[in-house]
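Novice: For reference, the chains in residue letters:
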Amino acid sequence: MVTEQHDRSLEVVDIPINMGPQHPSTHGVFRMVLVLDGEVCKDVIPHIGYMHRGGEKLMEAMDFRQGIGYCDRTEYLAQFSAELGYVMAVERLMELEIPDRAEYIRVILTELNRLSSHFMFMGAFGIDAGVFATSFTYAFPQREYIQELFEEVTGDRLMYAYFRVGGLAWEVTDNFVQRVHEVLVHTRQGLRDLDELLTKNEIFMVRCQGIGAFTADQAIAYGLSGPMLRASGVPWDLRKDDPYSVYDRFTFEIPVGNHGDVYDRYLVRLEEMRQSVNIIEQALEQLPAEGPIVAEKLPRRLRTPPGEVYSKVEAPRGEWGVYLVSKGGDKPYRLKMRSPSFCNLSALREMCIGQFMADAVMILGSMDIVLCDVDR
Amino acid sequence: MMLLAAPAINIDNAFLSGILGLIAFTLVMTVGVMYATWYERKIVARMQYRLGPTRTGPFGLLQPIADTFKLLTKEDLRPATADFIAFEAAVFAIFIPALMVFVAVPFTADWYISAIPMSLLYILAVSGLSFIGFLLAGWGSDNKYALLGGMRAAAQLISYEIPMILALVAVVMVTSTLDVYQMILYQDTVPLIVWQPLAFGIFLIASVAEVERPPFDIPTGESEVAGGVFIEYSGIRWSMFQLSSYVNMYAFALLGAFVFLGGWEWPFGTDIGWGYQLLLTMVKMSFFIFFYLLIRATVPRLRVDQLMSYAWKVLIPLSLYQIVTNGFVIVYDLPDVAFLLFSGLGVAALVYSAAFIVKRGEPRRPLTMVPVRATAKAAPPAPAVAADVVVEGAAT
Amino acid sequence: MIGILRSLTQVVRVIGRKPVTIQYPEVHREIPNRDRAFPILLWDAPIDEPYCTGCHACERACPVECMTVVMKDNPKHATGESKRRKIIDEFWIDYGRCMRCNICVEVCNFEAIGMNNTWAGHELSRYDRKELVMDLDMLMSQSKAGKVDPGLRA
Ligand code: SF4
Ligand code: SF4
Numbered sequence: 003m004v005t006e007q008h009d010r011s012l013e014v015v016d017i018p019i020n021m022g023p024q025h026p027s028t029h030g031v032f033r034m035v036l037v038l039d040g041e042v043c044k045d046v047i048p049h050i051g052y053m054h055r056g057g058e059k060l061m062e063a064m065d066f067r068q069g070i071g072y073c074d075r076t077e078y079l080a081q082f083s084a085e086l087g088y089v090m091a092v093e094r095l096m097e098l099e100i101p102d103r104a105e106y107i108r109v110i111l112t113e114l115n116r117l118s119s120h121f122m123f124m125g126a127f128g129i130d131a132g133v134f135a136t137s138f139t140y141a142f143p144q145r146e147y148i149q150e151l152f153e154e155v156t157g158d159r160l161m162y163a164y165f166r167v168g169g170l171a172w173e174v175t176d177n178f179v180q181r182v183h184e185v186l187v188h189t190r191q192g193l194r195d196l197d198e199l200l201t202k203n204e205i206f207m208v209r210c211q212g213i214g215a216f217t218a219d220q221a222i223a224y225g226l227s228g229p230m231l232r233a234s235g236v237p238w239d240l241r242k243d244d245p246y247s248v249y250d251r252f253t254f255e256i257p258v259g260n261h262g263d264v265y266d267r268y269l270v271r272l273e274e275m276r277q278s279v280n281i282i283e284q285a286l287e288q289l290p291a292e293g294p295i296v297a298e299k300l301p302r303r304l305r306t307p308p309g310e311v312y313s314k315v316e317a318p319r320g321e322w323g324v325y326l327v328s329k330g331g332d333k334p335y336r337l338k339m340r341s342p343s344f345c346n347l348s349a350l351r352e353m354c355i356g357q358f359m360a361d362a363v364m365i366l367g368s369m370d371i372v373l374c375d376v377d378r
Numbered sequence: 146m147m148l149l150a151a152p153a154i155n156i157d158n159a160f161l162s163g164i165l166g167l168i169a170f171t172l173v174m175t176v177g178v179m180y181a182t183w184y185e186r187k188i189v190a191r192m193q194y195r196l197g198p199t200r201t202g203p204f205g206l207l208q209p210i211a212d213t214f215k216l217l218t219k220e221d222l223r224p225a226t227a228d229f230i231a232f233e234a235a236v237f238a239i240f241i242p243a244l245m246v247f248v249a250v251p252f253t254a255d256w257y258i259s260a261i262p263m264s265l266l267y268i269l270a271v272s273g274l275s276f277i278g279f280l281l282a283g284w285g286s287d288n289k290y291a292l293l294g295g296m297r298a299a300a301q302l303i304s305y306e307i308p309m310i311l312a313l314v315a316v317v318m319v320t321s322t323l324d325v326y327q328m329i330l331y332q333d334t335v336p337l338i339v340w341q342p343l344a345f346g347i348f349l350i351a352s353v354a355e356v357e358r359p360p361f362d363i364p365t366g367e368s369e370v371a372g373g374v375f376i377e378y379s380g381i382r383w384s385m386f387q388l389s390s391y392v393n394m395y396a397f398a399l400l401g402a403f404v405f406l407g408g409w410e411w412p413f414g415t416d417i418g419w420g421y422q423l424l425l426t427m428v429k430m431s432f433f434i435f436f437y438l439l440i441r442a443t444v445p446r447l448r449v450d451q452l453m454s455y456a457w458k459v460l461i462p463l464s465l466y467q468i469v470t471n472g473f474v475i476v477y478d479l480p481d482v483a484f485l486l487f488s489g490l491g492v493a494a495l496v497y498s499a500a501f502i503v504k505r506g507e508p509r510r511p512l513t514m515v516p517v518r519a520t521a522k523a524a525p526p527a528p529a530v531a532a533d534v535v536v537e538g539a540a541t
Numbered sequence: 181m182i183g184i185l186r187s188l189t190q191v192v193r194v195i196g197r198k199p200v201t202i203q204y205p206e207v208h209r210e211i212p213n214r215d216r217a218f219p220i221l222l223w224d225a226p227i228d229e230p231y232c233t234g235c236h237a238c239e240r241a242c243p244v245e246c247m248t249v250v251m252k253d254n255p256k257h258a259t260g261e262s263k264r265r266k267i268i269d270e271f272w273i274d275y276g277r278c279m280r281c282n283i284c285v286e287v288c289n290f291e292a293i294g295m296n297n298t299w300a301g302h303e304l305s306r307y308d309r310k311e312l313v314m315d316l317d318m319l320m321s322q323s324k325a326g327k328v329d330p331g332l333r334a
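Chains as they are written, first to last, in my numbering: chain A, 3 to 378; chain B, 146 to 541; chain C, 181 to 334.
Keep in mind that a hint or two might mislead.
With the Cβ distance kept under 10 Å, some of the chain C side facing chain A (calculated, not the full set) [claimed, not checked]:
hint	residue
1	Cys242
2	Arg277
3	Arg280
Here are the computed lysine-lysine pairs in the BS3-like style, where the Cα-Cα straight-line distance is at most 30 Å [claimed, not checked]:
hint	chain 1	residue 1	chain 2	residue 2
4	A	Lys314	A	Lys59
5	C	Lys310	A	Lys59
6	A	Lys338	A	Lys242
7	B	Lys219	B	Lys187
8	B	Lys289	B	Lys187
9	A	Lys202	A	Lys299
10	C	Lys310	C	Lys327
11	A	Lys314	B	Lys289
12	B	Lys289	A	Lys44
13	A	Lys44	B	Lys458
14	C	Lys266	C	Lys256
15	C	Lys327	C	Lys266
16	A	Lys202	C	Lys256
17	C	Lys266	C	Lys252
18	C	Lys263	C	Lys327
19	A	Lys314	A	Lys338
20	C	Lys327	C	Lys256
21	A	Lys314	A	Lys333
22	A	Lys299	A	Lys329
23	A	Lys299	A	Lys314
24	A	Lys242	B	Lys215
25	B	Lys187	A	Lys202
26	A	Lys329	A	Lys44
27	C	Lys263	C	Lys252
28	A	Lys202	B	Lys458
29	C	Lys327	B	Lys187
30	C	Lys310	C	Lys324
31	B	Lys187	B	Lys215
32	B	Lys219	A	Lys299
33	C	Lys324	C	Lys266
The hints are simulated quantities; they were obtained by calculation from the structure and are not laboratory data.
Even for Gly, the Cβ is constructed at its ideal location relative to N, Cα and C.
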């Protein structure tokens with residue numbers, strides 16, 4: 003490495019080290035080049051785009067029903083939130099009234115989806131911290147119960163395509179309410195397991211606390227949203243600040259962190275799961291026993307009036323928005339997804355610089371990114 | 146089994162019998178390690194709602210054999226840019242010291258490969274050699290992850306050697322012998338863990354670090370350096386690394402069982418026959434092994450600087466405290482209970498020591514809960530009227 | 181250390197619980213009635229011909245364009261056995277491309293196509309991608325043999 007022969011003193015160089023796209027802890031095909039001084043990151047250069055499929059462009063060639071499948075495939079851990087954002091955009095353009103029962107079922111499923119997504123986070127985050135897959139196996143059996151419920155209702159384990167413009171694709175199963183209650187029992191058990199395993203574990207605490215801290219101002223400047231933003235102390239939750247669907251009918255609490263570090267993000271997500279259980283229980287109580295599940299007077303072929311609309315939902319990772327321009331007709335003229343993973347990931351460099359290499363892994367894990375959502 | 150015992154072979158040449166014993170022992174150890182992996186996978190699986198291996202034979206008992214065949218028949222890969230000598234030498238530099246430890250270990254009262262008068266010193270000296278292998282592997286692989294892992298391994302092994310040796314020095318002060326055999330005999334009434342709980346705790350923690358098992362597995366941390374030092378190794382070489390890591394684990398478990406838990410001596414005395422002695426040793430050893438497995442499944446990995454500060458700021462001062470108090474008790478000829486008293490105080494400090502490495506600073510504030518009140522009323526139950534127009538896409 | 185002890189007790193507690201593993205190839209998890217595997221064509225057993233009339237509706241609606249439909253005149257219509265004037269002649273679905281979105285099922289006016297809800301619709305691994313292109317015989321064989329679930333939503 004020493005090219006100049008006359009300089010015989012020891013030279014100190016930073017090592018650029020390539021983490022990903024095939025690395026156990028980059029959560030998909032994400033690549034970052036860490037410039038390391040010993041163990042400390044001096045620079046982080048993220049590379050994205052391995053999964054880019056042009057989903058937004060593809061959806062411009064799809065009619066409004068076909069597009070739903072692509073929402074699932076974009077945000078594949080919070081499919082219902084993604085579907086809801088897209089469907090709501092079209093509904094707003096068409097000015098449709100959604101029946102109450104459909105709205106409640108949407109809320110229940112979306113909140114269950116938040117649970118399953120956060121379970122995924124808990125599992126993966128534990129592995130990032132170095133717990134030998136135990137957090138994963140505590141989270142996944144419980145997540146599996148949620149997944150099974152989704153499968154019973156929608157017919158698919160991953161790509162539900164269940165929310166449709168104007169309502170739902172078909173009725174839920176007869177024993178839906180009882181099944182949700184059953185699932186919630188398992189969810190609580192999973193929450194207890196994970197809480198006992200991680201929250202108060204000193205080594206976990208010491209690995210998380212004070213790492214990747216962001217102040218509220220920084221978080222807003224980077225456009226963070228979701229648990230990342232709330233952990234930094236900004237009580238911003240679209241379910242509270244811009245209630246969509248029937249979220250204004252529930253009483254719940256929004257956890258807000260005071261330190262903005264990795265540990266707070268973990269705590270916020272854990273608490274959010276408890277609140278989701280709370281919301282689901284209220285929704286189950288209020289759920290009309292019967293009633294239509296699709297809007298009245300829906301045309302056979304969906305056409306929107308010309309116009310543009312931005313609809314946003316509070317997905318597990320943050321604000322998931324769909325900006326839709328229509329020039330009339332049955333296809334969007336232009337569609338843009340605002341994905342929380344992408345915006346949150348933009349803060350990676352700022353958070354990692356000056357931290358240890360092992361912390362960079364934790365910080366990336368705490369963002370809970372979905373690479374398909376980043377690259378679209 | 147008795148074949149292994151040097152006296153039983155009746156070879157006059159001590160060197161030859163030692164070699165023979167070592168070879169036979171290596172084979173036994175290899176099989177033992179194979180089944181240690183099986184045991185580990187089964188136990189850890191049950192800690193994680195899983196079953197572990199089930200497909201190969203009853204309870205997956207043939208899994209280790211299948212694994213061995215798989216590893217042996219794997220293509221032998223070496224990076225083109227690797228430093229050939231370092232890359233190859235590393236395997237042996239780790240493997241041989243791991244096995245050499247057992248030369249001096251008295252498995253039962255009359256079964257040992259070689260009776261070394263200062264066996265404890267020998268065991269510590271030999272087991273301390275393996276860091277050379279890690280450095281060689283890290284350098285020879287020509288991979289940055291491996292290099293990072295190798296450097297981490299060297300730093301970690303050297304740091305944790307010190308508290309471990311100091312803890313054992315404290316024990317040596319009590320027993321006033323460096324021979325593991327004599328140490329076992331010393332514990333015929335009370336095992337040393339009673340008099341020296343602090344030394345035991347330090348030894349337990351430091352031995353986990355020495356065998357590089359979680360939570361001290363930063364040289365091979367899967368989620369950070371993706372395999373670390375072993376990243377470029379595959380097939381037979383990789384399995385030799387695994388083998389030596391498990392053999393090391395056995396070595397420290399045995400040492401712990403002998404030095405702190407009374408080995409084959411306590412509580413039944415020397416005269417119960419080698420079979421029972423072996424069983425007793427194994428039971429005590431498996432306590433350590435179970436502990437290693439348990440924390441592997443439970444505890445997150447420490448960061449490299451926290452790892453170091455734990456060794457230097459917590460374990461070493463505490464082990465020095467143990468030595469000083471032992472000296473105090475011995476010099477002033479206090480009763481044995483004084484050992485327990487001083488050591489117990491130290492254990493209290495050790496239990497709270499986890500808090501030492503937690504970053505001090507502003508106290509943590511809990512989450513603030515922002516309440517959201519329902520602003521709209523839930524709609525009254527809707528009348529049961531089906532929608533007259535069905536959306537395209539709604540199933541009938 | 182207290183927190184670590186809590187974690188340890190939690191882990192030990194789980195040893196006593198029942199594992200969740202399902203021994204997959206021997207034991208198949210029960211899949212729900214609504215399960216959507218891949219689309220298959222249905223067989224009208226009384227008349228002994230497929231329901232599908234080859235109307236191309238599904239082909240046009242498929243988002244990934246993985247279907248190919250060819251229709252023909254129905255010979256049984258001439259003899260009066262069947263009311264279907266046209267009948268399917270050839271039908272291909274590329275299972276490698278299908279994204280299992282259910283749209284073809286929703287648009288079919290003849291209830292001629294349904295999403296397979298048996299394990300046969302899931303265990304479809306092949307060594308060659310080309311073998312995933314299913315022709316009419318393969319698409320209908322399951323229904324013809326009466327092996328579809330009665331709850332199949334068509
Ligand atoms: S399920 Fe969807 S993708 Fe598959 S064939 Fe039918 S319409 Fe096409
Ligand atoms: S399956 Fe249905 S929609 Fe498709 S061609 Fe046949 S009849 Fe038409």
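Novice: Hint by hint, note whether the structure agrees.
Specialist: Results of checking the hints against the structure:
1. Cys242: holds (8 Å)
2. Arg277: Result: violated, 13 Å to nearest chain A Cβ.
3. Arg280: With a closest approach of 7 Å, the Arg280/C hint holds.
4. Lys314/A / Lys59/A: holds (19 Å)
5. Lys310/C / Lys59/A: holds (28 Å)
6. Lys338/A / Lys242/A: Holds. Lys338/A to Lys242/A sits at ~24 Å (cutoff 30 Å).
7. Lys219/B / Lys187/B: Roughly 25 Å between the alpha carbons, so the hint for Lys219/B and Lys187/B holds.
8. Lys289/B / Lys187/B: Distance of about 34 Å is beyond 30 Å: violated.
9. Lys202/A / Lys299/A: violated (54 Å)
10. Lys310/C / Lys327/C: holds (25 Å)
11. Lys314/A / Lys289/B: violated (43 Å)
12. Lys289/B / Lys44/A: holds (16 Å)
13. Lys44/A / Lys458/B: holds (27 Å)
14. Lys266/C / Lys256/C: holds (10 Å)
15. Lys327/C / Lys266/C: holds (26 Å)
16. Lys202/A / Lys256/C: violated (74 Å)
17. Lys266/C / Lys252/C: holds (6 Å)
18. Lys263/C / Lys327/C: This hinted pair holds, its Cα atoms lying about 25 Å apart.
19. Lys314/A / Lys338/A: It holds: about 12 Å lies between the C-alpha atoms, which stays within 30 Å.
20. Lys327/C / Lys256/C: Holds, at about 25 Å.
21. Lys314/A / Lys333/A: At roughly 20 Å apart (the allowed maximum being 30 Å), Lys333/A and Lys314/A satisfy the hint.
22. Lys299/A / Lys329/A: Cα-Cα ~22 Å, so holds.
23. Lys299/A / Lys314/A: holds (25 Å)
24. Lys242/A / Lys215/B: Measuring from Cα to Cα gives roughly 56 Å; hence the hint is violated.
25. Lys187/B / Lys202/A: holds (27 Å)
26. Lys329/A / Lys44/A: violated (49 Å)
27. Lys263/C / Lys252/C: holds (14 Å)
28. Lys202/A / Lys458/B: holds (22 Å)
29. Lys327/C / Lys187/B: violated (39 Å)
30. Lys310/C / Lys324/C: Status holds; Cα separation ~24 Å.
31. Lys187/B / Lys215/B: Cα-Cα ~20 Å, so holds.
32. Lys219/B / Lys299/A: violated (66 Å)
33. Lys324/C / Lys266/C: holds (19 Å)
In the structure shown, a violation is registered for the earlier hints numbered 2, 8, 9, 11, 16, 24, 26, 29 and 32, in ascending order.
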